[in-house]
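> Residues per chain, in single letters:
2 protein chains.
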Amino acid sequence: MAEENYFSNSFEYKNGILFCENVALEEVKTWLKNRGIKRVTPAFIYSKSQVETNVLLYKNALRHLERKTTLNYALKANMNPGLVRIMKTLGCSLTLVSGFELELALKLGFTPERIVLNGNGKETWEIELAVNNDCLLNIDSLFNVKQTIGVCRRLHRKARVLLRINPDIDPMVHQYNCTGKNGSKFGVQEKYFDDVIREIKSEPLIQLVGIHCHLGSTITSIAIFRESADVMLQIYRKLKHEGFEHMEYINLGGGLGIDYTKHVAVTTDPKILVKERPIDIPTPADLVKVVDEVFGDENISLILEPGRSLIGNAGILLTSVLGVKHGEPKSYIVVDGSMTEVIRPALYSAYHHIDLAVPSQADDKHKMLYDVVGPVCESGDFLGKDRYMSAPHEGCLMAVFDVGAYCACMGSNYNMRARPAEVLISGDKLELIRRPETLDDILAPYDI
Amino acid sequence: MAEENYFSNSFEYKNGILFCENVALEEVKTWLKNRGIKRVTPAFIYSKSQVETNVLLYKNALRHLERKTTLNYALKANMNPGLVRIMKTLGCSLTLVSGFELELALKLGFTPERIVLNGNGKETWEIELAVNNDCLLNIDSLFNVKQTIGVCRRLHRKARVLLRINPDIDPMVHQYNCTGKNGSKFGVQEKYFDDVIREIKSEPLIQLVGIHCHLGSTITSIAIFRESADVMLQIYRKLKHEGFEHMEYINLGGGLGIDYTKHVAVTTDPKILVKERPIDIPTPADLVKVVDEVFGDENISLILEPGRSLIGNAGILLTSVLGVKHGEPKSYIVVDGSMTEVIRPALYSAYHHIDLAVPSQADDKHKMLYDVVGPVCESGDFLGKDRYMSAPHEGCLMAVFDVGAYCACMGSNYNMRARPAEVLISGDKLELIRRPETLDDILAPYDI
Numbered sequence: 018m019a020e021e022n023y024f025s026n027s028f029e030y031k032n033g034i035l036f037c038e039n040v041a042l043e044e045v046k047t048w049l050k051n052r053g054i055k056r057v058t059p060a061f062i063y064s065k066s067q068v069e070t071n072v073l074l075y076k077n078a079l080r081h082l083e084r085k086t087t088l089n090y091a092l093k094a095n096m097n098p099g100l101v102r103i104m105k106t107l108g109c110s111l112t113l114v115s116g117f118e119l120e121l122a123l124k125l126g127f128t129p130e131r132i133v134l135n136g137n138g139k140e141t142w143e144i145e146l147a148v149n150n151d152c153l154l155n156i157d158s159l160f161n162v163k164q165t166i167g168v169c170r171r172l173h174r175k176a177r178v179l180l181r182i183n184p185d186i187d188p189m190v191h192q193y194n195c196t197g198k199n200g201s202k203f204g205v206q207e208k209y210f211d212d213v214i215r216e217i218k219s220e221p222l223i224q225l226v227g228i229h230c231h232l233g234s235t236i237t238s239i240a241i242f243r244e245s246a247d248v249m250l251q252i253y254r255k256l257k258h259e260g261f262e263h264m265e266y267i268n269l270g271g272g273l274g275i276d277y278t279k280h281v282a283v284t285t286d287p288k289i290l291v292k293e294r295p296i297d298i299p300t301p302a303d304l305v306k307v308v309d310e311v312f313g314d315e316n317i318s319l320i321l322e323p324g325r326s327l328i329g330n331a332g333i334l335l336t337s338v339l340g341v342k343h344g345e346p347k348s349y350i351v352v353d354g355s356m357t358e359v360i361r362p363a364l365y366s367a368y369h370h371i372d373l374a375v376p377s378q379a380d381d382k383h384k385m386l387y388d389v390v391g392p393v394c395e396s397g398d399f400l401g402k403d404r405y406m407s408a409p410h411e412g413c414l415m416a417v418f419d420v421g422a423y424c425a426c427m428g429s430n431y432n433m434r435a436r437p438a439e440v441l442i443s444g445d446k447l448e449l450i451r452r453p454e455t456l457d458d459i460l461a462p463y464d465i
Numbered sequence: 018m019a020e021e022n023y024f025s026n027s028f029e030y031k032n033g034i035l036f037c038e039n040v041a042l043e044e045v046k047t048w049l050k051n052r053g054i055k056r057v058t059p060a061f062i063y064s065k066s067q068v069e070t071n072v073l074l075y076k077n078a079l080r081h082l083e084r085k086t087t088l089n090y091a092l093k094a095n096m097n098p099g100l101v102r103i104m105k106t107l108g109c110s111l112t113l114v115s116g117f118e119l120e121l122a123l124k125l126g127f128t129p130e131r132i133v134l135n136g137n138g139k140e141t142w143e144i145e146l147a148v149n150n151d152c153l154l155n156i157d158s159l160f161n162v163k164q165t166i167g168v169c170r171r172l173h174r175k176a177r178v179l180l181r182i183n184p185d186i187d188p189m190v191h192q193y194n195c196t197g198k199n200g201s202k203f204g205v206q207e208k209y210f211d212d213v214i215r216e217i218k219s220e221p222l223i224q225l226v227g228i229h230c231h232l233g234s235t236i237t238s239i240a241i242f243r244e245s246a247d248v249m250l251q252i253y254r255k256l257k258h259e260g261f262e263h264m265e266y267i268n269l270g271g272g273l274g275i276d277y278t279k280h281v282a283v284t285t286d287p288k289i290l291v292k293e294r295p296i297d298i299p300t301p302a303d304l305v306k307v308v309d310e311v312f313g314d315e316n317i318s319l320i321l322e323p324g325r326s327l328i329g330n331a332g333i334l335l336t337s338v339l340g341v342k343h344g345e346p347k348s349y350i351v352v353d354g355s356m357t358e359v360i361r362p363a364l365y366s367a368y369h370h371i372d373l374a375v376p377s378q379a380d381d382k383h384k385m386l387y388d389v390v391g392p393v394c395e396s397g398d399f400l401g402k403d404r405y406m407s408a409p410h411e412g413c414l415m416a417v418f419d420v421g422a423y424c425a426c427m428g429s430n431y432n433m434r435a436r437p438a439e440v441l442i443s444g445d446k447l448e449l450i451r452r453p454e455t456l457d458d459i460l461a462p463y464d465i
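Quick mapping for you: the protein sequence lines, in order, are chains A and B. Following the numbering used here, the numbering of the first sequence begins with 18 at its first residue and continues without gaps. Following the numbering used here, the numbering of the second sequence begins with 18 at its first residue and continues without gaps.
Misleading hints may appear alongside valid ones.
Same chains, same names: a pair is fine if it fits in one copy or spans any two.
What the hints assert, rightly or not - Computed list of lysine-lysine pairs in BS3-like fashion (alpha-carbon distance at most 27 Å, straight line):
1. 402 - 208
2. 55 - 163
3. 382 - 208
4. 446 - 55
5. 105 - 257
6. 257 - 218
7. 382 - 347
8. 124 - 175
9. 382 - 163
10. 55 - 255
Simulated from the structure, these hints should not be mistaken for lab results.
Please model the entire structure based on the sequences and the hints provided.
Okay, structure coming up:
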């Protein structure tokens, strides 16, 4: 595949060599070595211009609406401060899910009015931190209202809150990515609505300023967003009607999917399983248009909270081939990247496109089906299954695509593997935005 | 359930209060607070006497054999140095799967003859470290022999190696825990055997001293171990016959399961799903007996490499209830522990027993079905589903059982959650064997 230019974004092949912006990815290895880093792969590589493009797709669509709009980056998708700083420069606000995320946001200079703290299980200190800083708070449940009231009374401070609704809509995604349907732990269901509203009404320190929902992630159908906008609008009107005069926001969460498949027709051989098929992903403009249509003339401020669609396709994992192992019924490309960097295939049966980042120098490079696996000592450690590709040479660089979201942030030290370097590329400029962990880092919390 | 004493190990209920050895688990909270730790739950709690019991079950079974035997702790199950030190004191050797694990083992004073380095994807520096230290090395593939030969020639040193066999046996466990069947990335398949043997024979610096297999983990059938001992014996004889005069070891790996179910009959109500059913787990003595029978009079040194069965039932996760959330069709107990501490339910659909660690003080504590979930912002964040238990009060301590293996070591900082404290209990003595991570720990590799 490496000979085809099937990427329309900031990762592009030129003569079989993969570039990120103006930098050939093999140059990253040299650049890291010159900085004294011994283990240069695996490494996460991010394109700054791709992040900018992604944010602008939303910003441009939102700019034309005749309503107040806010674009919140869902920091949990990738908390690397080097990337969050770009979001700040581009004018994004933040949606956060923990106290440490909030502390990071404040360290990075986000003003409290640009922060929403979300979460189905907040600890008291996390609510206190948000209330003390005047952040917007999502209320997720009856017990969460009571917790928040307790904090406000103790601190003698007001809290501006959004009520998280469970609208019972099926986003048709992996069960772990489904968060707005009955049977999900998130949000308030219709049946319990009145109890929660009564509690909110009972406490003047709690000011209800809007409602929130988040259906899930990796969503590829625009109809689902239309449905949720519609449900939320009805609830918004009902609450306005009930006298919540500060109601202003509808926060529709995030969840827009990205095209992990790269639209690659892998092979025309009908015997070979084609896993990579094009899918039609709605654009941010599609999403914004449909929501704005539903809201119509209603004076509603819109919050969107994308994560994956802002950062997912802006990152790749660069990894080196340790060897090729032939077997029956499977052959393996064993690389130095693993489930400790990219757990999505094992955890969500997720597909990530994988390809050589340089031309193969193998003696026999004929294409065949491989599983691409890492060195971690369990069978859940795979990056891709049944991939039809050229045999790579030992040491060959490979790229696992679209790992900008929900990969580095979910990394572990399983098998005592160090979490790797992260490099940000902008034009021909490289910046180390995370140094690789050392053995000392890993052992720091232990008495040794 | 809390009123019943269904634990025959070091975690036991007395009047509804869960003890680890002589320490009521609620006392651990106070003890941690007194050490200046603010966030005292979640926390991993380990019983030293349980680890000792587990090791002795193997040691006692092995002691009576008329052959040399070695008990290797599979360090990847839990690398906490506070626990590995106990293994050392009890005379265990180690099986390792990465260079950092090897560096830790050397730091802890394990002598090289007590170390096996395993792995399907070793980096050159890892092989060098093992060869320089005269550790036993598992050879996993043709490319791995060539790698090892390269290292030996460069260092002018001999390597003593075991050949890892893929015996094509189905251990009947979760696919991610299956490692010795065709279609697994581990070991050499019969078809490729001669190629690998030829390569080993060609290099005098490579000394083949034995063979290795590891079928997988969570295995609950003794017949599977008999089958693998049988297959391995045939290969051992064949290699002896072919003139490998230094052949001495058969390493049968690990894989013995533990009883995650706790033999609890949950309810007699036929409407309610009973997920917790007793299973018959073979003991280490059963395993040792069957293997020794198969090996018979043959002069074979036996290596076993248990991980889970040495440490799994010696640890619990102590967690606090943030709130109870009623819903349709599910209600939730929301706790401060999550998939960032215990990923096994999400990753392997694994069952961990969960129960209150103190009596419920809830106003209405009638039993019903709950999902026990954490605060992480995704639906994969659950610790247990459909658990029939008393409603806990807010702040109530709960215990997730049998998290000694493959939990702490797989922990992540997803949602910027700190990896928690780990406490070792011996009698009435407590020892902090990992301090909780701080925000500074998490941000250390970043430029901020």
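> Hint by hint, note whether the structure agrees.
Now for the hints, and whether the structure bears them out:
1. Proximity of residue 402 and residue 208 under a CA criterion of 27 Å is satisfied inter-copy only: 22 Å between copies versus 43 Å inside one chain copy.
2. Taking the shortest alpha-carbon separations for residue 55 and residue 163, only the inter-copy value of 23 Å comes in at or below 27 Å, while the best intra-copy value is 52 Å.
3. Taking CA atoms no more than 27 Å apart as the test, residue 382 paired with residue 208 passes between copies only; the shortest distance there is 21 Å, against 61 Å inside one copy.
4. With identical chains, the CA atoms of residue 446 and residue 55 are at most 27 Å apart within one copy only, with a shortest distance of 21 Å there and 42 Å across copies.
5. Within a single copy, residue 105 and residue 257 get their C-alpha atoms no closer than 32 Å, and across copies no closer than 67 Å, so neither meets the 27 Å cut-off.
6. Taking the shortest alpha-carbon separations for residue 257 and residue 218, only the intra-copy value of 13 Å comes in at or below 27 Å, while the best inter-copy value is 82 Å.
7. For a Cα distance limit of 27 Å, the shortest separation of residue 382 from residue 347 inside one copy, 17 Å, qualifies, whereas the shortest one across copies, 53 Å, does not.
8. Taking the shortest alpha-carbon separations for residue 124 and residue 175, only the intra-copy value of 23 Å comes in at or below 27 Å, while the best inter-copy value is 54 Å.
9. Taking the shortest Cα distances, residue 382 and residue 163 sit within 27 Å of each other only across copies (19 Å), while inside one copy they are farther apart (64 Å).
10. Taking identical chains as interchangeable, the C-alpha atoms of residue 55 and residue 255 are never at most 27 Å apart, the minima being 61 Å within one chain and 42 Å between chains.
The structure does not agree with the numbered hints 5, 10 stated previously, though it agrees with the rest.
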